[in-house]
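J.: Next come the chains, spelled out residue by residue.
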Amino acid sequence: MSLNEGRIGRAEAVTAAAMSMCVNGVFAVDNSYAYEGGSSAFVTVPLSALLSLLPVLLLIKSMERQGSRDLAAHFSRMTGGFFGAVSMLLFSAGLVYCAAKPLANFAQVMQKLVYDGAKYTAILAFIIPVTVFAAWKGFECIGRTARCFAWLLIGMFLVAVISSVKGYEIYRLCPFLSDGAGHMAAFTASDTLLFLPPLAALTIEGGALQGHSHIRKAACGAALASAAITFIAQLAVSLAYPAAILKDMAMPLYRIGFLRADTGYVMRLDKLFIMVWLSGAMISSSYCIYSAARLFSGVFGQRDVRPAVGAVSLVVCGLILMGLEGRNGNIRTVNDIISRYGAAVVYAPLLAVTLAAFIRRPDKKNREASA
Amino acid sequence: MKRIICFILVLLTVSAPLCGCLSPVSLDVYGYVISIGVDRGKDKRYYITFALQREMQESNTQTEGGADILACEGDCLDEARAELEGRVPYSLSFSRMNFFIFSEETARRGDMADFLSITFDAEKIRTSAVAVISKGKAYEFIGGLSANNDANITKLQTAVMLDMEKNGMVTLMSVSRLFEAVETGVFDYCAPMGRMDPEVITDMEQKKAQAEGKDPLEKVETGDTVGGLKSDMDGTALFSGWIMTGELTRDETAYLNMANGEFKNGTVSVPFDGSRDEGTVTVLLTMDKMKRSMISGARPSVVVNISLKAGVHKKPVGLGSDEMNEWIMTHIPGYIEERLAETFEKCREAGSDAMRFGTDAVKLMKSRREYEAFDKKEFINALDVRFKVEITNTDKLMSGEHV
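Those protein sequences? They're chains Y and V, same order as listed.
Counting in this note's numbering, the first sequence runs from 98 upward without gaps.
Counting in this note's numbering, the second sequence runs from -18 upward without gaps.
One or more hints might be untrue.
What the hints assert, rightly or not - Okay, derived cross-link-like pairs now, SDA-like style, lysine to any residue, Cα gap no bigger than 25 Å in a straight line: (1) V/23 x V/64; (2) V/347 x Y/265; (3) Y/263 x V/143; (4) Y/344 x V/165; (5) V/245 x Y/267; (6) V/-17 x Y/246; (7) Y/216 x V/13; (8) V/272 x Y/266; (9) V/245 x Y/268; (10) V/347 x Y/278; (11) Y/368 x V/73; (12) V/272 x V/355; (13) Y/344 x V/348; (14) Y/209 x V/72; (15) Y/209 x V/101; (16) V/105 x Y/208; (17) V/347 x Y/341; (18) Y/216 x V/105.
By construction, these hints were calculated from the structure, which means they are not laboratory data.
For reference, chain V alone in the conformation it holds in the complex:
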């Protein structure tokens, strides 16, 4: 009897999740917004663009999928949403939101503070969404992301994010980190910088040409980019508080990631003996470990020890493995240290603690008063940073000549 009662109880308790059946909502009642673009508006404060995941009509339909784009002006997200919902037969849902895309103009004017003052819980937006800064207009960047008409635009977004792991040249921080940076004032946010290249010949354009019986590469000239998306990530936007104050290139982003311990893999091409005419050495770097030692005082200083594993991908013709190994050990660490120092100076000039040294300074603090009196800008200006890079050549035992 007791077993039956327990069984019934377990069944009843397990049925609790079925409370979703209270207000069942069909999937097509919602339009799932996956990206929101924000530009300066003409009549109202913002021009807001919504990229919606287009649901597949049939699993075997190749042409369906991709994104629907909706846009209008509004003084805030809710106003634009209300206006657009009157024009479409569904409600906009933000529960699958991945990207906020702000134009560089809005980011530099500090409009992000106002726009992101929405209640994330009320809008059902996860704070794991990423803020991307678009070099041109945000709506153009969104258009570039969906120009290929790929079946699953969310997958494309994920692929863009995975660039960080593949080549280390994209930085990725969630909006929750932006709030943390601004709220605590301990470090500064940095966002991936996106750009849209209208010259890219997309897969869709090639398919169209093929369908018309033309050569898909008919219009291609040397130097053109062929295939893939029109929009991609191109560096990092540096922030000081809510305001964008500078930017880093893709290469510099890799060094920023190294200094933050977020670099995983990436290649670096170093001119052999100072001149590219002598050829370049291309090395695949893999992060081994990163350690920072902060010393507080009148002039705070920090030593950043970075340990990398290097594998040679390209070397000058005729160079032996022992010579190559010696060259790597003597030249690469110094080269990377210089680039790291340059990247740090660029961040400092922008008044940004993108390398998050403030978080190391906080670890040395002993009292709340000290924490509250912490002035990030003063700290960054006074900070003395030394980078020490150590390289392990993983090709040493596997050079081509011995195989």
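Okay, chain Y solo, but in the shape it has when bound:
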């Protein structure tokens, strides 16, 4: 059997999930929607990260009640073979989106701002194989790699934010939270699309995490860490650029050092930053690809995760290329629809399985086996 789950500690699990959530919350947010009405993303984005924790905690509780070891088993047991497969596919779509979106954004920024004349395929040729290789090696490998890179990523992130402090202005946040409660609530709910799949993916790795209690603690840690980091990132970006400019800007954190006219070459570290952050995005995508593949293998009873990793990777790669090479108008429309309503697709199977687990009588055999 090659499910490649391995055994990892809570710190690795927190790092892998938090890294994926942070990458999505910082580099994959739909700015045209987030800054449509004002600069409230520093509140709504971290709120989305925290809000994602609630359904995940309920899901873990329901798994505990039914004695399900991991999400794949939970889907199969609670919704049956066909509906289990449908639920799995819907949730996996969320994971695939979370794997593809940040890498597509990075490839776009690198093609536009870093490499003169390089094609998207050439840039992706260096990114995708490493991402797939990590996913191929499994969860333990991803968790430990994430832990190795975590401090480097946090360090580079803080250097970028702190070195641009001189360009920050409070008035750019004003009028304070004036987007309107309706817009803020709608954005917070839809933005959970970027946080819920990687956070809920911890339940897929039940075997590697050794028990529901560990999954719960890892989920809480990841949600809190990602809320803190996305808050700092979105606040820094909102202090650096007004909402009117941010809504048309791709990856504003990369451009945070473009504000100051007096920097010279010394402070032009943006190219270094993007390479380090790209490592985080690659680990994040590996985590999402592996999780989707592991869920697929679990639901369909496959004993080897690697073919599924290959298939999911191909889908992710195809989506990235479609996003980058497709006709701009069509891609924007599809992207708008996904970023506004995609969260519902991910919520539906999770809520269905959670509800089913609370309605159905607990299976004593499973609970005992699980205990």
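Put chain V on the given structure of chain Y with help from the hints.
T.: Quick look at chain V alone, frame taken from chain Y:
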């Protein structure tokens, strides 16, 4: 085994940055543009000048370096670039661009809006570049910057920018702030004003004279400027939206920087007892803090509290330290307050919120509707501004008489 796998993974992930090797490009394939000058064209809309960093041939070659200048007419940046690239054996790269230099004529006609509507990402131009307004032709200003044939013209540009910190008489705002000012309509942009003085005797001219066995200062007369660049910064261009509407002198620029809290150090010479015949007092001012208190209402008002540290650099002959201290405390604050008020009025006359009081007004707003209804011009015309300056004499404990 796991360690080996992790190690291989880390190696593979770290190798991602090597994707630059995909399309390796030799440095000499590019000509790095460091300044773009924009003048009105004869047949086409613009006359565009590119100053390129000249690469050093050998590290010990003194005469190499400096800038190559390319220029032609075009209706936009890309057109001029395409035409010039056909005449040189390299491609023009804008990734090291620092200055956009617009002639005063183009700035006053509002041509900046059209010229800067380029996609900065596509051209790989950083929005941290600065727009400079040249009093004469932009190409003359660029020529003046490279007339010295200095080894590193980018370093020269940086030195010009550092003037802001040294004497407070240069204002510096990136193009991203220009876009912000125009997009939000909350404040107005102000750009450093440059000029080219053809009479300056540059270091290069002195070296040439020396090489010919002549006295390097042979042609110098009293009043001539000797050494350095022919181009320098000389005040501030005031904008209302995209259009240049006025200008400030170097001294007024220092007060503009004070009001914006961007002043660091600078000297001010104040006539002693109202007349320069009695001598002047030269004081080095260092910004301590600046705070603005805005009160909204039918007639908005703002109080600008500026706290400065003063050190005496020159005082009238025979004046004691206690008298000097008393004179500074009674005269300097009032003098600076008057200059600040004059500078503000000059900005107001130009219809420009260069002191960025609009950003303070926005802080008091509670709703989006209020923000969208904000009329900057109306606000500036109605604004009542009071400047309060406080001075701390840092020389009080270290006067010459006690040392």
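J.: Run every hint past the structure and note whether it holds.
T.: Do the hints match the structure? See the list:
Taking the CA atoms of residue 23 of chain V and residue 64 of chain V, the gap is about 16 Å. The hint holds against a cut of 25 Å. Restraint check for residue 347 of chain V and residue 265 of chain Y: satisfied, since their Cα atoms lie roughly 21 Å apart, inside the 25 Å limit. Annotation: proposed proximity of residue 263 of chain Y to residue 143 of chain V holds, straight-line Cα distance about 16 Å (limit 25 Å). The straight-line distance between the Cα atoms of residue 344 of chain Y and residue 165 of chain V is roughly 13 Å, inside the 25 Å bound, and the hint therefore holds.
For the proposed pair residue 245 of chain V and residue 267 of chain Y, the alpha carbon gap of about 21 Å is at most 25 Å, so the pair holds. About 17 Å separates the Cα atoms of residue -17 of chain V and residue 246 of chain Y, which keeps this hinted pair within 25 Å; it holds. Distance hint between residue 216 of chain Y and residue 13 of chain V is fulfilled; the C-alpha atoms sit about 22 Å from each other, no more than 25 Å. A threshold of 25 Å between alpha carbons decides the hint, and for residue 272 of chain V with residue 266 of chain Y the separation of about 14 Å falls inside it, so the pair holds.
Simply put, residue 245 of chain V and residue 268 of chain Y have alpha-carbon atoms about 22 Å apart, close enough for the 25 Å limit, and the pair holds. Distance hint between residue 347 of chain V and residue 278 of chain Y is fulfilled; the C-alpha atoms sit about 14 Å from each other, no more than 25 Å. As the CA atoms of residue 368 of chain Y and residue 73 of chain V are separated by approximately 20 Å, the hinted pair is consistent with the 25 Å bound. At most 25 Å may separate the alpha-carbon atoms for a hinted pair to count; residue 272 of chain V and residue 355 of chain V meet this at roughly 23 Å.
The hinted pair formed by residue 344 of chain Y and residue 348 of chain V meets the criterion: a straight-line CA distance of about 19 Å does not exceed 25 Å. Straight-line distance between C-alpha atoms of residue 209 of chain Y and residue 72 of chain V comes to about 17 Å, which keeps the hinted pair within the 25 Å bound. Straight-line distance between C-alpha atoms of residue 209 of chain Y and residue 101 of chain V comes to about 10 Å, which keeps the hinted pair within the 25 Å bound. In summary, the hint linking residue 105 of chain V to residue 208 of chain Y is supported, as the alpha carbons are separated by about 10 Å, within the 25 Å threshold.
Straight-line distance between C-alpha atoms of residue 347 of chain V and residue 341 of chain Y comes to about 17 Å, which keeps the hinted pair within the 25 Å bound. This hinted pair checks out: residue 216 of chain Y and residue 105 of chain V have alpha carbons roughly 16 Å apart, not beyond 25 Å.
In summary, the structure agrees with every hint in the numbered list given earlier.
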